[in-house]
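Asker: Chains as they are written, first to last, in our numbering: chain A, 1 to 277; chain B, 1 to 126; chain C, 1 to 746.
Rather than coming from a laboratory, the hints here were simulated on the basis of the structure.
Check before you lean on any hint, since a few could be wrong.
[Stated by the list, open to error] Interface residues of chain A toward chain B, partial, derived using beta-carbon atoms under 7 Å:
1. Ala136
2. Ala142
3. Ile144
4. Trp145
5. Asp146
6. Val184
7. Ala185
8. Gln199
9. Glu207
10. Arg210
11. Ile211
[As the list claims (entries may be wrong)] Here chain A is said to cover these stretches of chain C; the calculated rule only asks that three of the stretch's residues, wherever they fall, bring their Cβ under 8 Å from a Cβ of chain A:
12. 66-80
13. 100-107
The beta carbon of each residue, even a glycine, is placed where N, CA and C say it ideally should be.
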Amino acid sequence: MSKKRSKLTTRREVLTLAAASTAGAALSKAAKAAGSSTAPSSVPVGEFHRFGLAIDLDRCLRCQACVVACAAENNVPALGPERAALTQPIHWMDMLIPAAGSAGSELGHDPVPLPCMHCDRPECVKVCPVGATYVADDGVVAQIWDRCIGCRYCMAVCPYGRRYFNWTLPVWPGANPSSANPDVAMRPAGVVEKCTLCQHRIRAVFERARIDDEPVVDEAIQRLPACAATCPARAITFGDLSDPTSALSKLARDPRAVQLLARLGTGPKVFYLRGRR
Amino acid sequence: MEADMKCVTCHPGAEDQPLAQFPTVADCMDCHGKARGNHPDEPKVRQYAERGQEVPWVRVDRLPGHVYFSHATHVTLAKMKCEECHQGILSATLALTLPDVHQTMEDCMRCHRERNASNQCKACHK
Amino acid sequence: MPDFGRRGFLGGAGLLAGVAAGCRPRRDPYAVDKPAVPVERGLRPGSESFVLTTCGLCQAGCGLRVRVVDGRAVKVEGNAESPVNRGGVCVRGQAGLELLYHPDRIRGPRRRVGARGENRWQAISWDEAIAQMASALGQLRAAGEPQSLVLLDGEQSGTTHALWARFLEVFGSPNHIGHCATGFGAMARAVRSMTRKGCLPGYDFEHSRCVLLVGTGALESSSHFIRLAWAMAGETRPRLLCASPRLPAMAVLVDEWLSLVPGGSASLLLGLLHVLLREQLGDESVLDVASGFVPWKERNGKTHPGLRAQVMTEFTPEKIEARTGIPAAKIAELARELVATRPSMVVVDESMGDDETASAALLVNALLGSINVPGGMLLDPGSPRVDLGEALLDGTARSGLRAPPIDGREGCEPRQLDFETSRILALPEAFLSSKPYPAKALLLSYSNPAYSKPGGRRWHAAIAQVPFVVSFSPFLDESSLFADLLLPDHTFFERWDVVMPGRGSRVLSLRQPVVRPLVDTQQTGEVILRIARALGESMASAFPWADYRQAVLAGLAPKQDGVLSELESTGVWRAVAAQGAPDREDDRAGKPSNEAAPMPLFDVRGLAQAAPAPTVGDPVRFPFVLVPYRGPGYAEGGMREMAWLRELPLVAGNPWRERVEISEEDARRLGIENGDAVLVESPMAQVKVHAVVRAGIKAGVLGLSLGAGPVLDAVPGASSLLSSLVDPATGHWLACATRAHVRKLA
Chain A
1 MSKKRSKLTT
11 RREVLTLAAA
21 STAGAALSKA
31 AKAAGSSTAP
41 SSVPVGEFHR
51 FGLAIDLDRC
61 LRCQACVVAC
71 AAENNVPALG
81 PERAALTQPI
91 HWMDMLIPAA
101 GSAGSELGHD
111 PVPLPCMHCD
121 RPECVKVCPV
131 GATYVADDGV
141 VAQIWDRCIG
151 CRYCMAVCPY
161 GRRYFNWTLP
171 VWPGANPSSA
181 NPDVAMRPAG
191 VVEKCTLCQH
201 RIRAVFERAR
211 IDDEPVVDEA
221 IQRLPACAAT
231 CPARAITFGD
241 LSDPTSALSK
251 LARDPRAVQL
261 LARLGTGPKV
271 FYLRGRR
Chain B
1 MEADMKCVTC
11 HPGAEDQPLA
21 QFPTVADCMD
31 CHGKARGNHP
41 DEPKVRQYAE
51 RGQEVPWVRV
61 DRLPGHVYFS
71 HATHVTLAKM
81 KCEECHQGIL
91 SATLALTLPD
101 VHQTMEDCMR
111 CHRERNASNQ
121 CKACHK
Chain C
1 MPDFGRRGFL
11 GGAGLLAGVA
21 AGCRPRRDPY
31 AVDKPAVPVE
41 RGLRPGSESF
51 VLTTCGLCQA
61 GCGLRVRVVD
71 GRAVKVEGNA
81 ESPVNRGGVC
91 VRGQAGLELL
101 YHPDRIRGPR
111 RRVGARGENR
121 WQAISWDEAI
131 AQMASALGQL
141 RAAGEPQSLV
151 LLDGEQSGTT
161 HALWARFLEV
171 FGSPNHIGHC
181 ATGFGAMARA
191 VRSMTRKGCL
201 PGYDFEHSRC
211 VLLVGTGALE
221 SSSHFIRLAW
231 AMAGETRPRL
241 LCASPRLPAM
251 AVLVDEWLSL
261 VPGGSASLLL
271 GLLHVLLREQ
281 LGDESVLDVA
291 SGFVPWKERN
301 GKTHPGLRAQ
311 VMTEFTPEKI
321 EARTGIPAAK
331 IAELARELVA
341 TRPSMVVVDE
351 SMGDDETASA
361 ALLVNALLGS
371 INVPGGMLLD
381 PGSPRVDLGE
391 ALLDGTARSG
401 LRAPPIDGRE
411 GCEPRQLDFE
421 TSRILALPEA
431 FLSSKPYPAK
441 ALLLSYSNPA
451 YSKPGGRRWH
461 AAIAQVPFVV
471 SFSPFLDESS
481 LFADLLLPDH
491 TFFERWDVVM
501 PGRGSRVLSL
511 RQPVVRPLVD
521 TQQTGEVILR
531 IARALGESMA
541 SAFPWADYRQ
551 AVLAGLAPKQ
561 DGVLSELEST
571 GVWRAVAAQG
581 APDREDDRAG
591 KPSNEAAPMP
601 LFDVRGLAQA
611 APAPTVGDPV
621 RFPFVLVPYR
631 GPGYAEGGMR
641 EMAWLRELPL
651 VAGNPWRERV
661 EISEEDARRL
671 GIENGDAVLV
681 ESPMAQVKVH
691 AVVRAGIKAG
701 VLGLSLGAGP
711 VLDAVPGASS
721 LLSSLVDPAT
731 GHWLACATRA
741 HVRKLA
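Hey, can you work out the whole structure from these sequences and the hints?
Answerer: Structure, rendered in structure tokens:
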């Protein structure tokens, strides 16, 4: 590990650094092998998944329930009146709003929901100097809060702008964290954060399935992340792209399916369905 | 331990929940409804029950806020024994007042490597 | 202990504490210090449960499933069993926990200290609070002036509303006043007079093929949103047209926007009616028994040409082109399209509508054959309702009820009809002038008129005029600032109730506490029972229920077996639609069914006004028209502090500042750019806001977001710009009647 990081910031634990230096070697190799299936899995050996999302723009009312559901599930703080004047709010699920008079996106000129694309070959993973972000074996581009040193290189290279920086200590709305979800860590200042495809929910479902010795069926996970679960129009579908029979796989193969900036070759795993059925 | 109790009698979550959990005062009263043993604090259980209160357990083993550990996976899937991590629990005669889990992240990862469990960061980090 | 000074002392103590705690010198940066909650009996730390309840952030009554961990509610999900929302939760519901855990909640009953508006309060007990209520209200009865009690009730259904109605009746005051004049009142009146049914409409978007939205409520804020959302989830969805002066930023699914002149909605609908009649496209048999359709004569001999003649002569598409801003050919095309793509329907935004628009919409739907059919407007008075039975009134009550209502409404039977005709906007004048009689006590339940109603500062003066003011709001707001007593209600997350969503659905939805009450609040329904019991035998005897829950169960009508057990297991109870005999005759007629005969209309007199809608303000000085709309955080202003609702991505500009929407061409002409500070002036007030320049706004219109302003700010909010001009016949607010002027501030 680089000597530069011996200058500890206040939030770094001595213990974590020591552990990281031994395990880090193994992990950064995994990070470099982004997208390959040789890295150890968070699911038992032998299982393989590629999770992604489909968003049907013909159903989506742009009501933004997904934005707030994600914030509530993942303890994403709001800004409050003073800080809102200084910086943009963090929205793990955001809305892409093409600028008026611009050429728009592949999806036209209307706003569209914008989660992390969970690319197969993500730019952010390539540039992270400390291996704080990596492609997990289930396709989710995961984030290790505690490793992040806040250089924001990942933010600079993400073509979709899906990463956010905690400029200050996040203040829970109303300064009362009672409703914070205990399954998701509250990120401290100086850390970059982004959509995790509700990886804590994925982990819980698969763990439950292993304990109960039951398979995880596609129907049970189509509405797994908070955004998909809340959508009143059922516009968001989650699933496993490595399962050709899953609802997501079928939607990804639909002629209406479009990806944002596909030509850049990062392999985004969010498919938008566009054009009237 | 002397009474040959299983850990899960009082910590029922250990086999199928992430948290091992604590006994409710109703659980304690199953055995301690009548006075048992000689410890001077033992009658407190019945006092709590009478007042309709839960025993105010104090957690001494605390995971950092960004770590996820599931008892269910380790006890039921990995078939580990409680004393492998809770060193000294077998010889304990009183409820703990100091932490007894001294595993570091390094220890966990070593064991994971040996048993072919995931060392992906998101397996354990929230 | 050596003296390190305060900081040194604390630092030293901290270090010592750290060492004593077993070598934990550094605090875990990921630890979350949550305020303590009492340990629930029988619950293990870390245990998780899911509590079924019903959302209370709008009238829709969506079923929720709230995840509770360690005695704290941490996430709102939808209840898949509820036919209202089918498991989905809208943007407001998802932000709901911000309300429950808001730090500014009033922590218990409070009595005012010092002058009104000073915001100084003394904590009192509930017993003291009830005693003070009973004393003040008892004095009114003793003096033979029970009618000087005025209740502002923000609810329109449910048991608490029914208890309030009963309380006022047994007390002896006719002044149970709701928000209908700025909302559902017009539609309620239209339905009652035209169909003789007592219910508010629902809309079956899911099975409709073509929907004309008049106004934007269904897209932005109204309780119909959730049904519109399901329609989008289906395999086919209706063609959506929207006739309004502005489109919301999120109206991407609107297939066609009809850029409507503000106030032109009724004319548009009557123009459609004209085409339907002229080309014999609609089912005119529905008007066979309608009085007022053909020429008729009043008792005093005055004759009227009848609606048919009026529509055929005055509402030709050519004549209303200017009034609506829609080309004549388009109006004709629209009418033909609605007929050709049936089932089709017209959906009116009740919060911004008026009597004429509501009636015209009902008429068009009737002619399209779209009432009580799949894909149409649902009028179902057979929905479950509350029936607490007749109450015995004493002499004081009977005498008080004979007094004229303070809001100047005509007053009629039965009482529910009377409530729907109440005129909230007449209150400031009534209070200030003490006519017809002085108001001596004002109760504010689910009401914050000083913020939410047009009239601005005048409401402050009016409320201040009333000697005894009580608010039940869980939060301090612009109206409760002037109260003498604060008796904060639980939030809906802490209450037990059975919700009746109505609107064409025969569902009951359970509301139950997801956590214990966080602070010393009490459910208003319980407080009503306690006050009644403290007011003496004749009042107490009308409220024989031991607690609110007993009152709810006693009042559920029609009575059915097994309701409570089904509610407790699934969160909802559905009426069995086709089987079993309904209680009352008109229930059969109200059931959506395959009845052969379409619903007849009974009374269409006075439906069409020849004159264009009036506006307030000289058109030269005030060249723009203000078009208010309810943003996602509206609701009597109680949701303004929900930060997630404020900071939504599609909210343009700084989310915590008030804004006005202006069209691109007007902005260009006035040199205004997106985000500029502007001064908006109306005949009522002038307010500094910032401009949002966008497409989807008609030229000459300023879109005014309601619910965006600061809380309890000294500066009046943007809603103070609005005039309280009403329809003189009904007292209903004319929402788009205010003219304005805007200029960029240097």
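Asker: A separate judgement is required for each hint: does it hold in the structure or not?
Answerer: Status of each hint after checking the structure:
{"no.": "1", "hint": "Ala136", "verdict": "5 Å, holds"}
{"no.": "2", "hint": "Ala142", "verdict": "4 Å, holds"}
{"no.": "3", "hint": "Ile144", "verdict": "5 Å, holds"}
{"no.": "4", "hint": "Trp145", "verdict": "6 Å, holds"}
{"no.": "5", "hint": "Asp146", "verdict": "6 Å, holds"}
{"no.": "6", "hint": "Val184", "verdict": "5 Å, holds"}
{"no.": "7", "hint": "Ala185", "verdict": "4 Å, holds"}
{"no.": "8", "hint": "Gln199", "verdict": "5 Å, holds"}
{"no.": "9", "hint": "Glu207", "verdict": "6 Å, holds"}
{"no.": "10", "hint": "Arg210", "verdict": "6 Å, holds"}
{"no.": "11", "hint": "Ile211", "verdict": "5 Å, holds"}
{"no.": "12", "hint": "66-80", "verdict": "holds (count 9)"}
{"no.": "13", "hint": "100-107", "verdict": "holds (count 5)"}
The earlier numbered hints are all upheld by this structure, with none contradicted.
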